[in-house]
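The listed protein sequences correspond, in order, to chains P and W. Residue numbering for the first sequence follows the working numbering, starting at 1 and increasing by one per position. Residue numbering for the second sequence follows the working numbering, starting at 1 and increasing by one per position.
Simulated from the structure, these hints should not be mistaken for lab results. All values reported here derive from a predicted model rather than from experimental measurement. A couple of the hints might just be wrong.
[Stated by the list, open to error] Estimated spans, in silico, between C-beta atoms of each pair:
no.: 1; chain 1: P; residue 1: Phe96; chain 2: W; residue 2: Pro3; range: 33 to 43 Å
no.: 2; chain 1: W; residue 1: Gly64; chain 2: P; residue 2: Gly5; range: 22 to 32 Å
no.: 3; chain 1: W; residue 1: Ile76; chain 2: P; residue 2: Ala25; range: 18 to 28 Å
no.: 4; chain 1: W; residue 1: Lys110; chain 2: P; residue 2: Ala66; range: 28 to 38 Å
Where is the CB? At the ideal position from N, CA and C, for every residue including glycine.
Residues per chain, in single letters:
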Amino acid sequence: MTALGNLYFYVCAAAALAGALAVVASKNPIRGAMGLLLLILSVAGLFLALHAQFLAAIQLIVYAGAIVVLFLFVIMLLGPSASTPTDRRGLYTRAFGGGLFALASLGGMGLVVRAAIAAHHPLPMASPSPVFGGIDAFGSVLFADALVPFELSSALLMVAVVGAIAVAKGRQGVKSLSSGEQRIARAPVAAEPARETSGVFRHDVDAHEPAADAASPEGGRGLKEQAS
Amino acid sequence: MIPVEHYVLLSALLFVIGGVGFLVRRNVLVTLMSIEVMLNAANLALVAFNRSRMWPSPTQTFAGPSHTGQVFAFFIIAAEAAEVAVGLAIVLSLYRLRRTVRSDEADLLKN
């Protein structure tokens, strides 16, 4: 049983590392997304080994079900331009920065591992109660101790959805507005029959138009077009 | 039983891989995926430490095992979903503006 558990950990760890390397190293973003999926699945497997069953389910639903699908959707939407060709500009600078980061982190990690070996009492895994990490225990913590952050996270998701819609609409909305304004500027010729039907509006416009004509040349042109 | 150090070591390796990808790659999509890798590594470390330090202290009377790390990982997952939604919207907006997804061509504020 213990040997099988060890084997399970090492298989999951190797799959997670392979997935992470595929994300970072693949030229095609589709392959990167598949590597991310492999990483997510193996991390969910490690969560199961760590008695976090509910979190493993959440990981599968949110990551594999939503985030990877969203990535794939955007990659498919962008089409062939989603994969950028490799460029050599600044390659050495980037490699230097990445190597410095990797060396610093791995060096710090090596120091920590050496200190842990020198201290020579590895942290034992506590034996869990059967309910640990299940949906009952997790939910009671989530809705009692972490209630305020939970509600705040719902607000965060709401704001994120609204923000995503606003950002993705972007300039297209502005463009349609400006074309609408152009249509309104050219309106007096086009909207002639509609104005005939609404007498109140017509009267209102007639009453107000001379002042606007005196103020702006565009209003004068509109009146001229209307008269012709 | 696998000791917690193995999990933390794996988490650190994943974090370094994600960080190097974030620094080196220029495709915005790959950059976002590298951030996902780093956050997954953080989640793994949190859950592993939670499994290892389940009981806060032997002397302390406590209602049950602590789920703090798992709840923290849960909130990280929620924040990450929000981040990906907004990030991909920004990528789409950048593509519409510049017809590219390379991060070094997003230089509208330059000059």
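Hint check:
1. At about 35 Å, the beta-carbon gap between P:Phe96 and W:Pro3 stays in the expected band of 33 to 43 Å.
2. The supplied range of 22 to 32 Å is met by W:Gly64 and P:Gly5, whose beta-carbon atoms lie about 24 Å from each other.
3. Between W:Ile76 and P:Ala25 the CB atoms are about 25 Å apart, so this pair conforms to the stated range of 18 to 28 Å.
4. The hint said 28 to 38 Å for the Cβ distance between W:Lys110 and P:Ala66, and at roughly 35 Å that hint holds.
The structure is consistent with each of the numbered hints, conforming to all of them.
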